[in-house]
Amino acid sequence: DAMVIQNPRYQVTQFGKPVTLSCSQTLNHNVMYWYQQKSSQAPKLLFHYYDKDFNNEADTPDNFQSRRPNTSFCFLDIRSPGLGDAAMYLCATSRAWTGGYTFGSGTRLTVV
Amino acid sequence: QKEVEQNSGPLSVPEGAIASLNCTYSDRVSQSFFWYRQYSGKSPELIMSIYSNGDKEDGRFTAQLNKASQYVSLLIRDSQPSDSATYLCAVPLQAGGGADGLTFGKGTHLIIQP
Chain A
72 DAMVIQNPRY QVTQFGKPVT LSCSQTLNHN VMYWYQQKSS QAPKLLFHYY DKDFNNEADT
132 PDNFQSRRPN TSFCFLDIRS PGLGDAAMYL CATSRAWTGG YTFGSGTRLT VV
Chain B
332 QKEVEQNSGP LSVPEGAIAS LNCTYSDRVS QSFFWYRQYS GKSPELIMSI YSNGDKEDGR
392 FTAQLNKASQ YVSLLIRDSQ PSDSATYLCA VPLQAGGGAD GLTFGKGTHL IIQP
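Top line first, the protein sequences correspond to chains A and B. For the first sequence, the working numbering gives the first residue as 72, with consecutive numbering after it. For the second sequence, the working numbering gives the first residue as 332, with consecutive numbering after it.
Next up, chain A with everything else stripped away, as it sits in the complex (with noise of 0.2 Å):
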């Protein structure tokens, strides 16, 4: 079945340590999203790929970068987590203008 694949589930880093999440899609979609969701709160978008476009949104920290390889695959790094970015992360794919989002299954971040 095509998909969208978060690696991996659960991660535990040390505080100030570099993480790298992944996340691939089989659905061909040509657009790519990061979101970050922390307990009780709404999934707040951190930045997305409109094919190999890089779209940053105004209020992510710099500590978060990602990269877009190929159309499959695209990397969240966070370059010295903080206690603060404990939260699970979330991929998304979505085909531009067609209204339909998919989202993997989620990588839980616990920053210790």
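Treat the hints as calculated values from the structure; they're not laboratory data. Note that beta-carbon positions come from the ideal geometry of N, C-alpha and C, so glycine has one too.
So the derived label-pair ranges between C-beta atoms look like this:
no.	chain 1	residue 1	chain 2	residue 2	range
1	B	S339	A	V183	25 to 33 Å
2	B	L342	A	S110	17 to 25 Å
3	A	N141	B	P341	36 to 44 Å
4	B	P341	A	L154	24 to 32 Å
5	B	N397	A	R150	43 to 51 Å
6	B	G385	A	A157	36 to 44 Å
7	A	G87	B	A399	47 to 55 Å
8	B	A399	A	T97	38 to 46 Å
9	A	T97	B	Y402	32 to 40 Å
10	B	I349	A	G87	44 to 52 Å
Starting from the known structure of chain A, arrange chain B on it as the hints suggest.
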């Protein structure tokens, strides 16, 4: 900045009854609206989308849209314990859909009491 408002709940409904979830949005030009269900610790799952004023039915779910009042609702008929979850209302950041992603409400926590 688009805003999406939902009552966080919890909303408690007896099994078999109708659960009614409400959402208001700030941007008058929004054209599409989505309801996601999110179980604790899981990712959001799309259950309904609606683009036109009026009602849209899919099984036990009915989405209702009133663009003049900037209001969208979700009705769940014959509520089941498995419907207990947080329901997120979402609106595209770009009025015509585009690729800019979604803005979400904080969600309503629904509890179906057996």
